[in-house]
Amino acid sequence: MTRIPQWMMSARVLAGLSVAALICLAALFAPLLAPHDPNEQTLTSILLPPAWLPGGQADFPLGTDSLGRCVLSRLLYGARIAMTVALLSSFGAMVLGAVLAHVAGYFGGAVDWLIGRVVDIWMSFPPVILALIFMVGLGPGLRNVILSIILVDWTRFCRVLRSEVLIVTRRDYVTAARLLGFSHWRIIAREIAPATTPLLITLASLEMGIAVIVEAILSFVGLSVTADTPAWGQMIADARLSIYQSSWNLVFPVLAIFVTVFAFNILGDGLRRTLDVRLAEAQRA
Amino acid sequence: MNAILLLVFRRVLVSVVILLIVSALLFCILRLLPVDPAAMSMPPTATIAEIEAKRREMGLHLPLPQQYAIWLGHALRGDLGTSIHFRRSVVQLVMSSLPATVELALLAMVIASVLGVGGGLLLFHMRGRRVCEQILDLASITLLSIPEFLWALFLILVFGVWLEALPFTGRLSSEFQRPVVSGFLLLDTLLVGRPDMFWDCVRHMLLPSLALGVAFSPTIMRVLRSSLLDVYQEDYIHQARLRGQSEWRILLRHGLKNAILPTLSLMGVQFGFLFGGTLLVEVIFSYPGLGSLTVDAVRNADLPIIQAVGLAYCVVVLVINTAVDACYLVLNPRVRVA
Amino acid sequence: MSLLVARDLSVSASIGGETLPVLQSLCFSLAPGKILGLVGESGAGKSMLGLTIAQMLPPGFACSSGSLSFGGEDLIAMPAVKRRALLGRDIAFIPQEPLSALNPVLTIGQQIGEHLARLGLATAAERKARALALFDSVHLPQGEQLLDRYPHQISGGMCQRVLIAMAFAGKPRLVIADEPTTALDVTIQARIVRLIVDMQKRNHTAVVFITHDLRLATHICDDILVLYAGRPVEYGPARRLFSAPAHPYTRCLQLASPSMRGERRALLALPERMPGLRAWKDLRGCAFAPRCPVAIAGCSQAPPALAETAPGHRAACIRSAETGGIVAPPPTAVAPAGEHQPVLQAQRLCKTFAIGGLFRRMRFSALRDVSFELRRNEFLGIVGESGSGKTTLARLLVGLETPSQGRIRFATEVSDTRRQRRSEIQLVFQDPQSALNPRRRVGTIVTQSLEAEGTATPAARAERARELLREIGLAPEMAARFPAQLSGGQKQRVNIARALCASPKILVADEIVSGLDVSVQAQLLDLLIALRRQRPFSMIFISHDLSVVRYLCDRVLVMYRGEIVESGATGEVFAAPKHPYTRALLAAMPPDDPSAAWAPALFESDAGSAP
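Same order as they appear, the protein sequences are chains U, A and Y. The first sequence lines up with residues 1 to 285 when you count with my numbering. The second sequence lines up with residues 286 to 623 when you count with my numbering. The third sequence lines up with residues 624 to 1234 when you count with my numbering.
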């Protein structure tokens, strides 16, 4: 019974995957693709419009910013940060959230209560504020951005997955496995986790979009990577200052964020439909 | 009614506990910082010995739990310390910027609810019409992919820069003197009887609140749609049809009344997020609220302010959650009368 | 003059590009004040009639030919507005699941008020007075308070009475009751049936009573139409149809359900099961022919027409003369019930649960002082209604819960670890859908206990799986299937096989045949008897169905509100019940003899069994 799994057939999944893959490739090969060094300042040609507009130069396909840096090159290098953060932090948050959700949902009782209260405390903060506070505590840098997004967003997984684990745990086949004398960990791994994996994958895909946004917010307020590493949020913050001189500078990073987030969202939605996970809708935020 | 009072009472108790834990956590996280608050509060010419004296004065040499206990003691007396950067009382700073943010968030919540419920009903209405449904669904995912700060930039570009139709900095035009009664500007301008000022204030708030409201509406839309779809699978909808009730009646009395419940609990979470979203929107619109204060404090490593605004955000989210839970209780007899 | 007349009514569905027949050539007429029973197994298409009348068929389903007229007007061609005007006023419905048929966020008063407003009662005072009168007519006590209650606060039986009151509120000419008692307890079922019949007589209403229970239909209906695979197979006056069935399927239905009186006879377990909707269009001859005990070659050639076998009695069978010759197999010798040696003793078991939150904690006692013993190779039946504690007892016995007081002793001393219990006692779950992991193959599922031991090689496991499947009457190839590819009966067999794999001395079977059609139920009951002969084991068989317990079990315990109220040898308890509750249970069963009087108790005015 080998056939292409159904989720591969969905147009949304394919569209989302291919756009995300393209962005990943662009990020990976940024040094080859970028026409300039992203930090190279050409002070003679600042705030150039894109090449196809009057005044544009073919040398700077998407124009330059207020310091005369190539916008395209900065976008490509910025994609490296965005994708690294998206992949690693959503993976980390997924692992942390999933483990706690399974433990809470399966064992119930005091463990469930404790984990539930921790989630409550976490949820009493807007995630952006919490991430900001973690960044203040941890200090700037790519590793810390990833860490603080993991520390903030594991609750998104934990909340939704826990209810799914509860539903699965109530199934009689889980009880049957208990009666046959399997160990708890084995039951979680063999009977419960396979049933919650579709939801997990869907949530992870949505989380990648969220991580891109959070990273952009953090770098916008200057709390992400250090200033010499180009990031999309930083580009937006720079461009905002010269908004009257050149609005193009603002448009490109905004588009880059939108396209990336859209790709992850459409992928998540396609997965939700084909893997038939109902709880995922409630998670969107 | 009793049940609601009981709930609010319980939530207040729980919130106090949460606030205690949160303040302790905040305290610890902020002490991880590699900056020295004592050194920062001294002029650059201060000697090592002077700084050390200041450290002792500020209690920074004490063990962390003891420092927290001291801080908590002050906090309970309404003293959250003095801003290192502004050299003003932190409580005053926070209280002067909190109303602006709450006002903005409330307006945004109204916009998000109206757009969300309206859009959800529209999405639901289009069910089964393949092309329409697909287009609207894709549109809602597109909206979902635009976070509030992108909306803010987009609205500034279109209405501020290109059309020059609306202002996009601050709360009020510079020619007006800001009245201070309650701190809620929309209310204050009306209280002092200045409709022109009120209108100016509305124009200033339009873009930021729209950015927030529009950004948070698609989630509400989609959840309302899917809850309505779920509810319409239920037998009581079928039975109401079999009794010959009209479709409108079924939608409003049977469908919406049930579908609003899961939507409402989602809105509780969403509004918490929305309140966090004010941070960047305020920065982008140079709106003098909690968000702007936070970002300034972060840039200046102004620890007392960060600690205080962290708590302020937390308090507001807890209030929002309690309010939403109370609404849920009013609308859902199953939890009200167990 | 007939009220509802169907002539060659056919409904078809277009699913995935093909057109499938759902109902074929339905013909009947129903006069005012009469009851028509629509009898068939699940999936036979009997619910489609109600949906056709309301024109609320699922998407893709449509009436393809024939006519359906109501009071002389064509229901199919009628404009939607006009039909909607009929619904609730002239045509009313009584649903299958009363609890889910009422809106959970509206009070009973709001819902009945909404309906009365549609019926034309303009003021709130009028509606209230009318609602109270209606409650009175369905014997619902304390109407005033009931108006302010929400559906979750009252029992299923009360919900159903509210719905019956609403159905009859507009003095409709036709009421369609779709399995109105399936979701309710036995004693409530009988009362609801009695209530519907009383209301029908009082209002001179015509009723279409849809049910899977031929015996019940015989007692309350004037005419019966038997459906098989979407086709009418027999139609005639109820008593005649029951006492002299003219179609082999009707006869087989009778012989497949165990009786409550007389000698214990063996069941006629038909092979296979009714084909699914997708196979119907490929059936060339009689749909029942492949399972029919008297089928001949001619049966599979052309579909038989409904032909009159007696005045007003028609059957679609070319062998209807042979129907009377179908008899149940001779009674099989049941293995002798144990040597009085107990394998399990329950001693004064109590179980209380704490419910509610931190503030208002309440104790609910699910089991009170339950003592009994299970003997070697004995089948012990436990009967009781919902809330009687029978499922709690099962969970205690297998070790899923610990008793609050008392103890359970096994013949061989087992410690509390599950590994040791495994070969002592196993549970067969009620719902095979939930009991089988959909992501695992049948072969893996049935040998899970070897996996838990962790010693068997894959080859040994496969061998054991084949062995087990053979034992429970499934083909060895089934080992490679997933549960979703099995029918309900097959899933339940797999469920039993898994429990048997560890060769336990005791099986606890919790309602394992409820929810299955009678022919599948007969197959499973015979399987259990066959297994008992092959490999002696003891079984605790929990069921709400007295006739099944009578058929299968040596002894029986009757449970009521957490206590054992009566126990003894099955024959004795059911022949001469001592406790009033046992008597009430027995009285709620329609008698085998269609002409015997059956008058189940009415609701007493204060009878509102707690939810």
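If you are wondering where the hints come from, they were derived from the structure by calculation, not from laboratory data. No residue lacks a Cβ here, since even glycine has one placed at the ideal position from N, Cα and C. Some hints here could point you the wrong way.
[What the hints assert, rightly or not] Here are a few chain Y residues that face chain A, going by a calculated C-beta distance under 7 Å:
(1) Leu680
(2) Pro718
(3) Glu720
(4) Ser723
(5) Val728
(6) Gly732
(7) Gly736
(8) Phe987
(9) Ser988
Now for the hints, and whether the structure bears them out:
1. Leu680: Cβ of Y/Leu680 sits 12 Å from chain A, so the hint is violated.
2. Pro718: Check passed: Cβ of Y/Pro718 comes within 6 Å of chain A, closer than 7 Å.
3. Glu720: Hint holds; Y/Glu720 Cβ to chain A Cβ min 6 Å, cut 7 Å.
4. Ser723: Check passed: Cβ of Y/Ser723 comes within 4 Å of chain A, closer than 7 Å.
5. Val728: With Cβ-Cβ at 5 Å, under 7 Å, it holds.
6. Gly732: Not OK, violated: Y/Gly732 not within 7 Å of chain A, min 12 Å.
7. Gly736: Cβ of Y/Gly736 sits 11 Å from chain A, so the hint is violated.
8. Phe987: 13 Å, violated
9. Ser988: 19 Å, violated
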